[in-house]
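Student: If you want the building blocks of each chain, they are given just below.
There are 2 protein chains.
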Amino acid sequence: MTKQAKEILVAIIGAGGVGGHFLTQLATLVNQTPALNVSLCYLGIIDRVYWTSDYSAIDLANALDILAEKGQDPISLEQTIDYLAKAPSKVILIDNTSVQSIADLYPRILGSGISIVTPNKKAFSGTYDLWKEAFEAARSGGSLIEHECTVGAALPVLSTLRTLIAAGDDIHRIEGVFSGTMTYLFSTFSPVDGPASTARWSDVVKKARELGYTEPDPRDDLNGMDVARKLTILARIAGLKTESATSFPVKSLVPQALETVPSATEYLEKLPAYDHEMDELRATAEQHNNVLRFVGSVDVQSGALSVGLRQLPKMHPAAQLVSSDNIFSFYTKRYGDRPLIIKGAGAGGEVTAMGVLAGLLKTVDRLN
Amino acid sequence: MTKQAKEILVAIIGAGGVGGHFLTQLATLVNQTPALNVSLCYLGIIDRVYWTSDYSAIDLANALDILAEKGQDPISLEQTIDYLAKAPSKVILIDNTSVQSIADLYPRILGSGISIVTPNKKAFSGTYDLWKEAFEAARSGGSLIEHECTVGAALPVLSTLRTLIAAGDDIHRIEGVFSGTMTYLFSTFSPVDGPASTARWSDVVKKARELGYTEPDPRDDLNGMDVARKLTILARIAGLKTESATSFPVKSLVPQALETVPSATEYLEKLPAYDHEMDELRATAEQHNNVLRFVGSVDVQSGALSVGLRQLPKMHPAAQLVSSDNIFSFYTKRYGDRPLIIKGAGAGGEVTAMGVLAGLLKTVDRLN
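Protein chains in written order, with the UniProt record's numbering: chain X, 1 to 368; chain G, 1 to 368.
What the hints contain is simulated information worked out from the structure, not anything from laboratory work.
Since the structure is predicted, the reported quantities are computational estimates derived from the model, not experimental observations.
Among the hints, erroneous ones may be present.
Claimed, not checked - Below 20 Å or equal to it, Euclidean Cα-Cα: the simulated SDA-like pairs (lysine to any residue) are:
1) G:K333 / X:G168
2) G:K362 / X:G168
3) X:K362 / G:G349
4) X:K333 / G:A166
5) G:K333 / X:Q25
6) X:K362 / G:L367
Unchecked claim - Here chain G is said to cover these stretches of chain X; the calculated rule only asks that three of the stretch's residues, wherever they fall, bring their Cβ under 8 Å from a Cβ of chain G:
7) 88-94
8) 221-230
9) 271-284
10) 297-307
11) 357-366
Note that beta-carbon positions come from the ideal geometry of N, C-alpha and C, so glycine has one too.
Whenever a hint applies, use it, and build me the whole structure from the sequences.
Tutor: Put into structure tokens, the structure is as follows:
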């Protein structure tokens, strides 16, 4: 960090699971690191927004209270962009939401010279055009995009991939378990240790939901789209022009007949009728002394992407994941047969917020 | 990489196992990336040196041939520093050696405004004073130090640790197997899979030496100092003022009576007489269904560092390493019980050279 850092203004959208932790972490860090010289001028959530018309600093430690007391009805994103574009200093927008309509405006935001730091996957795993427009707009606007934490939260996944490529390595294949929810489900349903599991799939899903390991509607995890989005981002950074997160085979774990069932409750009620399907898959895996894991894989040389269930030997590093850990294996020319592996918690408010904060620090450093 | 990068001059010392690969990788990259705008003005090896008095570019693709044909007897390091300090552009010195006397001059080099990129551990794992002087000299000289590849070669170990700290996480403990040589020796002598090994320790060491997995004198690996140096670097980045790599307990695997035996050959001849000691350690581990691994560990909270043999359960990630892989586990406040893990080849000319190259790119980017 440069000692005499120029002031940089920060605008934050979102104060939920990630955003709440982020505000706390940022307030602590700014308090401990006066040289950092970043200040908050805008804080917005879905139904409320607070900003300073003269871009003066909002007290970070009390930002949520100030928003509650003095906040107004939300203004449009267009108005927000106009306000930020007129700021007297460089501006970083922190998008701590997963909202598509904000992601759609990234090209316009970046083109206005506003940098973006975000865990929101939507702009990077949507259409290839949106991806291209965002990065082109950043170039023309002199702004920066930092989205390391869209994949693996605070794990150094995208930066490692980018460094390997920049240093001239050839990426052959990237493979792993990119969803903490899937790790929890399958390490419970098809464990490596102990006697063969007799757990019923529907019970494991219900339990995971009760523990908060799934989205309120578990189908949002089980349809595989979260993994497909992360795989799309990895593939694009590896140089593929992947058209979208639905342009390659994704094996959904939601029985087709339950896809259109209106409520999560009804889905969970009807799920036991399909337990035999998962039982059969598990039995087949056990016959070969394997376990089931939900794996994402991109073969960079052939351009093939796939997301789905796989049988893995028990000694496979991805077989041994527990809790909500992720694992990313990079097979490259220089690493040969034994991949570079990064493993750890890939979700959760606290580590994801830390990933956003690390991205903010990197961006501040590069803007200075 | 900025598009209109300023020219940056590169001086390279060393063209051995790492340095040779580095020259090849750099030549390819510069050829493919004209925007990079780095050029070589100085190449030195132990008994020969070539430099351009007007700092004009040496043809990278033929640098070793040019050195062989036109090189002269080496000049002193002081003369080299004077030459580089007078350069018309910013200069990065690549120290691809493991020479202590070069490391000792880092403060002077950095204080002269010359940046350093290096896999040479000596300056960072020597006395704490040398470490402090080097970083202070860089601050006063406006130069940069990049030594990511001193630990784990091209694995993102130090950058990950620095990012966690910068983003406000508390590092509790760092632990792992930091030596590819030790991984090879113990995954052979005390394997996870198959029947209990009956391999003799002295045979495993001999075989490892024949395969080039150890230094010419295996005692240089087996005394534990390579691991102790890496642990010292990790501990210092984690905030400890570790006095040196000999200021904490390091369990040498060289029997005391063989420490002073003059030649590697004699050491290997006499080693079988000590096989029973390693047999007993392995038998004890097997009784508990464990394996032996050579582990480095720093408890950041208590400040305790240790390097030595440990019994590990077979499912422990460090137990399952093969070939010459390294593993680094970061236990932190935000990651809780399940550490952030980085694993992969942590030695070898090609990946270490890639680590140096990645460090060069990062430094060029920051100097621009």
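Student: Go through the numbered hints given earlier and state which of them the structure violates, listing their numbers in rising order.
Tutor: Hints 1, 3, 4, 7, 8, 9, 10 not satisfied by this model.
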